[in-house]
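Student: Residue numbers (the working numbering), protein chains in the order written: chain D, 1 to 443; chain V, 1 to 443.
To be clear, the hints were calculated from the coordinates, so they are not data collected in a lab. The structure displayed is predicted, hence computed values, not measured ones. Wrong hints could be hidden among the right ones.
Using C-beta positions, here's what the derived DEER-type ranges look like [said to hold, decoys possible]:
1. D:235 / V:19: 51 to 59 Å
2. V:325 / D:418: 18 to 26 Å
3. D:424 / V:334: 38 to 46 Å
4. D:199 / V:417: 31 to 39 Å
Here a beta-carbon is modelled for each residue, glycine too, at the ideal position from N, C-alpha and C.
2 protein chains.
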Amino acid sequence: MSTIELKGYSGEAYKFLSEAKASIGDMVRIEKDGEVYEGGLMPRSESGDDQHIVIKLRSGYNIGVKITPTSKIERTGTGAKPTFTSTSQPTSRKGLERIDIISTGGTIASRVDYRTGAVQPALSATDLYSAVPELSELADITAHILYSEFSENIAPRHWVGMAEKISEVISAGTAGVVVCHGTDTMAYTSAALSFMLRDLPVPVVLVGSQRSSDRPSSDAATNLMGAVAVASKAPFAEVAVAMHGDFSDKAVTIHRGTKVRKCHTSGRYAFRSVNSLPLAKYDLQNASLEILDQNYVQRDRNRKLDLRTSLEERVFLIKFYPGMSDGPIDWAIDQGYCGIVIEGTGLGHVSKNLQASIAKAIQSGILVVMTSQCVWGRVNMSVYTTGRDLISLGVIPLEDMLPETALVKMMWVLGQTKDPEAAKKILLKNLAGEFSQRTVLND
Amino acid sequence: MSTIELKGYSGEAYKFLSEAKASIGDMVRIEKDGEVYEGGLMPRSESGDDQHIVIKLRSGYNIGVKITPTSKIERTGTGAKPTFTSTSQPTSRKGLERIDIISTGGTIASRVDYRTGAVQPALSATDLYSAVPELSELADITAHILYSEFSENIAPRHWVGMAEKISEVISAGTAGVVVCHGTDTMAYTSAALSFMLRDLPVPVVLVGSQRSSDRPSSDAATNLMGAVAVASKAPFAEVAVAMHGDFSDKAVTIHRGTKVRKCHTSGRYAFRSVNSLPLAKYDLQNASLEILDQNYVQRDRNRKLDLRTSLEERVFLIKFYPGMSDGPIDWAIDQGYCGIVIEGTGLGHVSKNLQASIAKAIQSGILVVMTSQCVWGRVNMSVYTTGRDLISLGVIPLEDMLPETALVKMMWVLGQTKDPEAAKKILLKNLAGEFSQRTVLND
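One chain only, chain D, in its complex shape:
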């Protein structure tokens, strides 16, 4: 028995498995405290303890079973050994729609090879089928390795690259696009693609994972299955984010690209639609898609994509806080910035001492918009004197738009036009569901 076959296991867990002659990839059956767990034996990461055995259930979900003195294990079948040597595409699946998966990096792309435990920087289609065999039943997948970046390093130029690649695969006739992305800045990217991909004919679904696939609680495989299913099946043609949605592990929530936010540093349920309902929910057990917001753009493969990737990067996001000086605003004016997004307090306020600099910025042609650091809710600058004063200076209130979406939209709008009046008009137009008609109480 070579060492790779129990990669990551040590101590008690190693002894328990080697006595049953079980290797990574084998089907095993574990009995413990009257419960039975059956699935494929998975490798552990090097940082794992020596108490838990990780198996992949038929549902595609991984669980960790803590072994006890009374636990029993049986090897019930031989696992198909992973083949990660070939980079060729597998043969086309007849009768299934073509889905393109574009890998940009992040936990989902670097770790999804959970049967060998090897850290892969990106995914070929072969890797994907080996790692998540269920994908072969969902779609005929073409995989592309575009970037291999942690998402904190994804910059506006990468958004352009992604939009161009998506345009390319749409021209080649794809039925839907999945973009594997790190979770940290996924919501900024989904907003950027929402504006860049005008008149989208098919869905573009971003997907990531909050837990790497060598952890028992990984959401990598389930999120990916959900994303591929939505890209091939969904009736909408919008940019969306597919992520673990609740505590039950049975559903993936599909969020509109302009209304989603990462709201937890580490939880699997970190992604939330803010000030709107999610677009849909995909049930992994029944393979069914439930539409939650009927007001969507219909899929139409005959629609001609209008690709608009010009961006103006000189946009500054400022979060207001008590004691903040007007220095950062003056700095932005001096540096020739074109736009400032303020994350004000409450309904859209900042302190009086910033008014002079804000006025100066607007007079010098900078577009200044207001959002709220509250995260939930809508700015309303007509309730209090402070808001009315800021409006009279020319500050533009952005309703219930998220500050992150506002930043990205400003970059995009100022890439389309530098005329302040024309820019303001586009900014206030609801282009990709970034404004909600009314605030949904969803927190």
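Put chain V on the given structure of chain D with help from the hints.
Tutor: Then chain V, alone, in the frame of chain D:
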């Protein structure tokens, strides 16, 4: 009948009320669709419609009743006319604890006079008793008008003024302090007072209202009653925030001053404890206090307050975003800033292109700390290369501390010492519950 007696009413509502000879302040009984509503007739704001009548129920809560052709009204009693001419304190309530209410401004202070509809800039004790008569059963109130500011204009110097005033009333023997404050920056102020008021002997409870008291849904009176009850009864001596807690209108939630955040621009339930349970819940119907976090600092009137108000205001809060240049960090170095709080992505990340400037800042003696823009969760900079790189540059991860609390604590710590090592030590010490032992899944 003078016009003031139906202030704010017009059209149908005015006709309906004047036919019943009802005036503002009178007790009325409205029958509508089989339901009966009884309470004091309240004034409307100028922006109100002509369909609703606002009454104050015995519970202290206001409701708006939409009149219909079949509605009936009866005047059941004469209201005690408000007396807002005297500025003298009312006579001391025997047998009740002394509670000091310090008014700093905000919606709760400027609008709580809901029986006349007059906009008062601040509150005398007489005003308070007239507006919320229930207070006289809860405590013997001494009222102080310290500021009259919208909270977006509350600056660090006001935190110092509040801490000094609180120290003064504690020296005078108060049993608890209530601070009326605008909601926009209330959480920043509560964090500041949490650090400035060391060895607090009695509770300090900040209170505000999300809806002004001339609106049917106002939370002003109920929040104030909850705050006064907590200040006089609570077994803990901590800085807390008392705000409307749920949809039922029956409870006020008491949040720890360092763990609370305004999470909605306009909802009454806007305040949430983040990464921790609230301290307590006050039930308005039963006048009972339920402690939710048993791990609190006990009230002890013999404890000697240690007032430490020194602050260093040159602390910069930067929210990272894709495409951000290193310019703002270089600007802070040039301006002689002493501290930088970064709101990074996810577990505490920023893009590679900022590393050189961050290193330069730290080398020049600036304290740089990391928090997360996710709001919920804990930073963990040992999981990915990006985090480890930032740690090796000297960036200090602040666990589950809120960015707003981190900013305020940095100002306070750097006011106590300028030595980076000594400052780092105080920064990482849990002084006022700003760190939680483990992340509570409370979103």
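Student: State, for the Cβ atoms of residue 325 (chain V) and residue 418 (chain D), whether the hinted interval 18 to 26 Å holds or is violated.
Tutor: With Cβ atoms ~19 Å apart, the hint holds.
Student: With 51 to 59 Å as the target window, see if residue 235 (chain D) and residue 19 (chain V) comply at their CB atoms.
Tutor: Holds - the Cβ-Cβ distance for residue 235 (chain D) and residue 19 (chain V), about 56 Å, lies within 51 to 59 Å.
Student: Quick check on a hinted range of 31 to 39 Å for residue 199 (chain D) and residue 417 (chain V), using CB atoms only.
Tutor: Violated, since residue 199 (chain D) and residue 417 (chain V) (Cβ atoms, about 59 Å apart) do not stay within the stated range.
Student: Does the Cβ distance between residue 424 (chain D) and residue 334 (chain V) fall inside 38 to 46 Å?
Tutor: The hint (38 to 46 Å, Cβ to Cβ) is violated, given that residue 424 (chain D) and residue 334 (chain V) are roughly 33 Å apart.
When the structure is compared with the earlier hints, violations turn up for hints 3 and 4 and for no others.
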